[in-house]
Amino acid sequence: MATGPRVIYWFRTDLRLHDSPALAAALALDPAVLWPIFTWDPHYVYRARGGLNRWQFLLDCQNDLSESITKLNSRSKLFVLREGPQTLFPKLFKAWKVTHLVFEKDTDAYARERDEVVMRAASEAGVEVIVKSGRTLWDSDAVVAKHGGKPTMSISQLQTAGAKVGPIAKPIPAPQSLPNPGEMPVDFGQTPPETEPDFNAEQRTEGDAAYAKIAGPEGDFAIETMEELGFPPASTPHRGGETRALGMLEEILADKKYTATFEKPKTSPAAFEPQSTTFMSPFLHFGALSVREFYWRVRAVVDAYGKGASKVPESLLGQLLFRDMYFAAHAALGYSFTQTANNPYCRFIPWHLPSKVDAKTGLVTGEYHVDSTQADEWFRRWKYGVTGFPWIDALMRQLREEGWIHHLGRHSVACFLTRGGCYIDWERGCEVFEEWLLDHEPACNAGNWQWLSCTAFFSQYFRCYSPVSFGQKWDKQGAYVRRWVPELKDLDAKYIYEPWKAPLPDQKKAGVRVTGRGETQERGVYPKPMFDFNERRTACLAAMKKAYEVGLHGNDDKVLDGSWRKLFAGQDTEMMDEFESDQGERADHAEDDHPAVKAEPTGDEITPAKRSADEGSAEQHADKKQKF
DNA sequence: AAGAGGGTTGGTTTA
DNA sequence: ATAAACCAACCCTCT
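For the first sequence, the UniProt record's numbering assigns the number 628 to the last residue and increments by one with no breaks.
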């Protein structure tokens, strides 16, 4: 056996060979053997929401990386072990006689906990751990330290703190060779994963064999397949991998004008095939593209372009700064950054469908209270793209099928679900994005939902996206809507954003009937709008004004113990209805009150009569509130 | 210290 | 057709 360091390089969200400070540090050890491994972590398989499209994208990234590793050393590849890292590593350290464990830092709240456990085990086993920052422009922990331990809540704060950390590191070239892997005995017992609760059970339709054997079905540490995971095929046309990412980057950079003059607010959310933005975000998420490689390559084009180049924050480089801002905010706050409860920086708004919070841990459980069956119906119609507003429905359908929509499209649907329509908790939308986005990043997703819902980062709640006008501004003829809502593809452009206004002869001519509430899959039927948007906008605006006046934040005692309701007493605006513990009380009034909002188990069957009774007028809600 | 100005990305009406 | 003014008015930073 060769002497020298016996190194595990643990790949996680850094599925690349180029510009990897952690991989460079591993190779600098001059290892006698180096095992590039990936551990199949039950947390992501069962406890985090992950849609088929993102699983496919991950597998693409792993396969591409593995091939690239094999090109550098025909005896090596990405070795995948099917067990949680917390239990696996202590066994690997012994069985493989490991001297060093090297990985890239991950500041995600779960990742930190996981890595703490692994590092403790390494310390007990006498294994040296090397962790290098490589996922962001600046080490997020260093940014936080230079920002007084506080989360970065604006671009200027991030820039100021970043400047104190130092210049953004220049990218490191990919290695030219890799050491051989050592022997890989796995004659120890496999610790079975916790499979309950399983947030992804619904999509696991083909029989879960993810953990059947620690080294995979053939015992060769192969990369998983969708079949092995129990998943049907993904629907997205977008494919992952470092090779693809670097190829796409070259194409972007080749268009110097596009790269240098990019202004995010001027890129169209209605553009498709191709989209108007770079589509680099899913690759950044999995680390298939280094953000510093992206930054410095763009920077070179911008610097050479000279006058006329766009500026931070609208520019391409500005977009990368936002990403670092959210990462540093998350690094500072941990789990509380991705929820309202116990988050001092997140405004409390009494939205419908609030998260259930575990009283012991203070963390959201992944379930929510149905305080209003009407709101729950709106939420489902929003999620599945049958709101009756074509612009919103097109976006949600593209998101579901492809795992990606333009940033401004995300603004539209997020505003619509929260402060500009449904008045539903941003955490509900955040969870749907978590499931469906290829580029889902816990920090960026939560941060952007807070931004759009005006609970943090942004507060001009009177700037409200119209589900009609905003789409029209970008796409008068409605090509985007026709692509994603084919029921409407032949409708006159006059009505494409408001099909309910189309006279019957026009509907007939276009082969569509605008009717119902999206409950049917029938061809040639498109639902009526689920509410009068202008009415809802007015109600939401008034409610936001009230919530801002009350001025509570997620960590306020009154929020955590429920006594916040007193501060909203007697007001006449939209807000969270009573639920559960309050239910005995509300039952007393239920008979003579408003039947449509009576607490019912998941009301799929809301009659039209009920619906009109509950159709969210502020007066009705006021009436109801005063009784309590 | 009060007030102006800025804040990646609104909508509608009027000139 | 484009641009400015208005809508009703948020928070934070800077001077």
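No wet-lab data here; the hints were simulated from the structure. Note that this is a predicted model, so its numbers are computed, not measured. A virtual CB, placed ideally from N, CA and C, is assigned to each residue, including glycine. One thing to keep in mind: the hints can contain errors.
What the hints assert, rightly or not - Listed next, the in silico BS3-like pairs over lysine-lysine satisfying Cα-Cα at most 30 Å (straight line): (1) Lys91 x Lys146; (2) Lys494 x Lys266; (3) Lys164 x Lys307; (4) Lys264 x Lys91; (5) Lys132 x Lys146; (6) Lys256 x Lys476.
As the list claims (entries may be wrong) - Okay, the calculated beta carbon distance ranges per label pair: (7) Ala201 x Gln176: 43 to 49 Å; (8) Thr205 x Ser154: 18 to 24 Å; (9) Pro265 x Ala163: 33 to 39 Å; (10) Ala493 x Ser177: 22 to 28 Å; (11) Glu549 x Glu227: 51 to 57 Å; (12) Pro265 x Glu522: 35 to 41 Å; (13) Gln460 x Gly4: 44 to 50 Å.
Worksheet item: Checking against the hints above, which ones are violated?
Response: 1, 4, 8, 9, 10 and 13
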